[in-house]
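Participant: Got chain A; can you put chain B on it based on the hints?
Chains A and B, in that order, give the protein sequences.
Residue numbers for the first sequence, in our numbering: 1 to 345.
Residue numbers for the second sequence, in our numbering: 1 to 345.
Hints may be right or wrong, so weigh each one.
Subject to a maximum C-alpha distance of 25 Å in a straight line, what follows is the list of computed BS3-like cross-link-like pairs (lysine-lysine) [claimed, not checked]:
id, chain 1, residue 1, chain 2, residue 2
1, A, Lys141, B, Lys159
2, B, Lys159, A, Lys51
3, A, Lys288, A, Lys320
4, A, Lys168, B, Lys168
5, A, Lys159, B, Lys34
6, A, Lys162, A, Lys215
7, B, Lys141, A, Lys51
8, B, Lys168, A, Lys51
9, B, Lys51, A, Lys168
10, A, Lys159, B, Lys51
11, B, Lys215, A, Lys42
Residues from chain A that keep clear of chain B, each with C-beta distances beyond 12 Å, as calculated [stated by the list, open to error]:
id, residue
12, Gly73
13, Gly83
14, Asn163
15, Lys203
16, Pro221
17, Gly232
18, Asn259
19, Lys263
20, Gly264
21, Asp290
22, Thr308
23, Val314
24, Arg343
No lab work stands behind these hints, which were simulated from the structure alone.
Since we're looking at a predicted model, the values are computed, not measured.
Note that beta-carbon positions come from the ideal geometry of N, C-alpha and C, so glycine has one too.
Number of protein chains: 2
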Amino acid sequence: MLITDIAEMDNRILLGHGSGGQLSHDLISGLFVKYFDNPILKDQTDSAILKIDKDLLAFTTDSFVVDPVFFPGGNIGTLAVAGTVNDLAVSGATPLYLSSSFIIEEGFGMKELETIVRSMAEEAKRAGVMIVTGDTKVVDKGKCDKIFINTSGIGELLKRHKNISSGKEIKTGDKIIVNGSIGDHGMAILAAREFLNLSSDLKSDCACLNLMIRKAMGASPNIKFMRDATRGGLATVLSELTSDREFGLHIDESSIQINEKVKGMCEILGFDPLYVANEGKIVMVVDKDDAESVLDALRADELGRESTVIGEIVDDHPGKAWINTIIGGNRILDMLAGEQLPRIC
Amino acid sequence: MLITDIAEMDNRILLGHGSGGQLSHDLISGLFVKYFDNPILKDQTDSAILKIDKDLLAFTTDSFVVDPVFFPGGNIGTLAVAGTVNDLAVSGATPLYLSSSFIIEEGFGMKELETIVRSMAEEAKRAGVMIVTGDTKVVDKGKCDKIFINTSGIGELLKRHKNISSGKEIKTGDKIIVNGSIGDHGMAILAAREFLNLSSDLKSDCACLNLMIRKAMGASPNIKFMRDATRGGLATVLSELTSDREFGLHIDESSIQINEKVKGMCEILGFDPLYVANEGKIVMVVDKDDAESVLDALRADELGRESTVIGEIVDDHPGKAWINTIIGGNRILDMLAGEQLPRIC
Chain A
1 MLITDIAEMD NRILLGHGSG GQLSHDLISG LFVKYFDNPI LKDQTDSAIL
51 KIDKDLLAFT TDSFVVDPVF FPGGNIGTLA VAGTVNDLAV SGATPLYLSS
101 SFIIEEGFGM KELETIVRSM AEEAKRAGVM IVTGDTKVVD KGKCDKIFIN
151 TSGIGELLKR HKNISSGKEI KTGDKIIVNG SIGDHGMAIL AAREFLNLSS
201 DLKSDCACLN LMIRKAMGAS PNIKFMRDAT RGGLATVLSE LTSDREFGLH
251 IDESSIQINE KVKGMCEILG FDPLYVANEG KIVMVVDKDD AESVLDALRA
301 DELGRESTVI GEIVDDHPGK AWINTIIGGN RILDMLAGEQ LPRIC
Chain B
1 MLITDIAEMD NRILLGHGSG GQLSHDLISG LFVKYFDNPI LKDQTDSAIL
51 KIDKDLLAFT TDSFVVDPVF FPGGNIGTLA VAGTVNDLAV SGATPLYLSS
101 SFIIEEGFGM KELETIVRSM AEEAKRAGVM IVTGDTKVVD KGKCDKIFIN
151 TSGIGELLKR HKNISSGKEI KTGDKIIVNG SIGDHGMAIL AAREFLNLSS
201 DLKSDCACLN LMIRKAMGAS PNIKFMRDAT RGGLATVLSE LTSDREFGLH
251 IDESSIQINE KVKGMCEILG FDPLYVANEG KIVMVVDKDD AESVLDALRA
301 DELGRESTVI GEIVDDHPGK AWINTIIGGN RILDMLAGEQ LPRIC
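Chain A on its own, in the form it takes in the complex (with noise of 0.2 Å):
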């Protein structure tokens, strides 16, 4: 007899809810598939089968293992999808199916569980995304941190996106767009831990900006390359674009817009903003003749209603990524060097 529902079920994952047996089961019909509800998801095969349409597939993965694994703005659960989800998407493809696997850690709570498949669940509803496929492991007390997730994700991609993703197309001239504040979820995440005693209204941007960017390559076919800037931040993506190509870009750091928060946090404890991790934001290269009806299409959608130009793609300085600086300077943004903040996402 199955138990079908997590309020029979007890209050802490045991060692048992890992182990393929029963109390897996009851997990699994209990908990996952009454969340992520799909009928390929129900038929609990070893394998997801799916239907694909287009000719070309887009595959991606993730491990999340943010600390705290609650935050003003989401949890690791809602993390977990969007970036999945914004990853499949910058690669200009359509986000359809994911994939989910919990490792836990004995002992946590089975609400702050459901709580987490929830959000995942309600993040993926929202995306248009179905999670179709799933594993649990549970691991003793202390041999992991309270819960990790994986995702891995499938996307439809039409023949004539397929470049996006390398950037191959970009020319002298383009524009490079981001959608909004940056530095918003390190800041969070960083103001969420314990031990800062920070008060800080703060929230994660973490967001599935699939439906965003779908409205935007509506708006042009000259969409040259995306790329969501998480870990390593704004700059990071900006050194990769240009590293080892024939172009440099230019980038006004007038331009780039940072909450007054997230700035006055950044330098207390000496943070580069440009270095710190989004979850919703991403930078767009496009052609210079549609940044206008992009911007548009960006700003129609409430999660790029602040989107702006912050620079161009040059033909001077191949392979460097150029910052104008505030102060009127100019510096060369470089990949992240070290750890700025570990497990921000």
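Facilitator: Using the frame of chain A, we list chain B on its own:
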């Protein structure tokens, strides 16, 4: 300047290897791209871009937390490749692409990581699959146990095989086949745990079974169901197979092969080998007229040499898996109730 060889790297994993910045790039280029060498991964875009010819896809995910990380017969890497390849193959699919996502404890040895990655590459090559996308997170010392690996996988599935994973076409009289001795993996892991101090030459049966399965599928169009008997062991698969179905099954215990050493350890430690995990054994349900030709095909593969019929699908006691015990009794096989042996995969 990217580091492109592991010899130039630190000999321990640092938090910065998970930063998304320079050290992450070094690790990806110098280790993952080096060993998982293929053009899709080399692009290092947000999502791997794949071309699929068949109209159905199989999609699966699994996280691996095995303790110890290295054990006789394999390591967490070989397990992570074989486990996901097998989940696709038992669905009737041809495994093609894997993702690999690492959660690594700060301070983990770079040489150990290289050994794991190398054996993943070897195992993938043997199975004919490509590792096309990945992710690395590093957590502070003490926040995970050495290394956890998630692999997700995509396979092509022919329409006519789409019912294999659900076993919809199973009928009375079908034969149940297992491809060799059971319990080897679970007992090898247990023996390898330091505190046990068991000097045993038991080896895990961890292996990719897709090529063996392909031979069997070539020998008969009437394979009705396959599942790998991992966590929960053979008994749990048999119990799941009949659960909520209109048929039962009947197993003859004397036809189940168990290595003498596994038998001995199980007796001493009080385990039931029917519930002990395997990583290279599948349960197959085949039309009775095709059982011999499938057995021949399985036995022609090194991983199926000892395949035998262990029982059959029956009309009576629907929903139940019965076993004729060696000592002359009968019992019902239930799912594993609690956790017999944590972290065997």
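Participant: None of the hints should be skipped; say for each whether it holds.
Facilitator: Cross-check of the supplied hints:
| no. | hint | verdict |
| --- | --- | --- |
| 1 | A/Lys141 with B/Lys159 | 44 Å, violated |
| 2 | B/Lys159 with A/Lys51 | 10 Å, holds |
| 3 | A/Lys288 with A/Lys320 | 20 Å, holds |
| 4 | A/Lys168 with B/Lys168 | 47 Å, violated |
| 5 | A/Lys159 with B/Lys34 | 28 Å, violated |
| 6 | A/Lys162 with A/Lys215 | 18 Å, holds |
| 7 | B/Lys141 with A/Lys51 | 42 Å, violated |
| 8 | B/Lys168 with A/Lys51 | 19 Å, holds |
| 9 | B/Lys51 with A/Lys168 | 19 Å, holds |
| 10 | A/Lys159 with B/Lys51 | 10 Å, holds |
| 11 | B/Lys215 with A/Lys42 | 30 Å, violated |
| 12 | Gly73 | 20 Å, holds |
| 13 | Gly83 | 9 Å, violated |
| 14 | Asn163 | 10 Å, violated |
| 15 | Lys203 | 21 Å, holds |
| 16 | Pro221 | 18 Å, holds |
| 17 | Gly232 | 4 Å, violated |
| 18 | Asn259 | 21 Å, holds |
| 19 | Lys263 | 21 Å, holds |
| 20 | Gly264 | 24 Å, holds |
| 21 | Asp290 | 22 Å, holds |
| 22 | Thr308 | 22 Å, holds |
| 23 | Val314 | 22 Å, holds |
| 24 | Arg343 | 6 Å, violated |
When the structure is compared with the earlier hints, violations turn up for hints 1, 4, 5, 7, 11, 13, 14, 17 and 24 and for no others.
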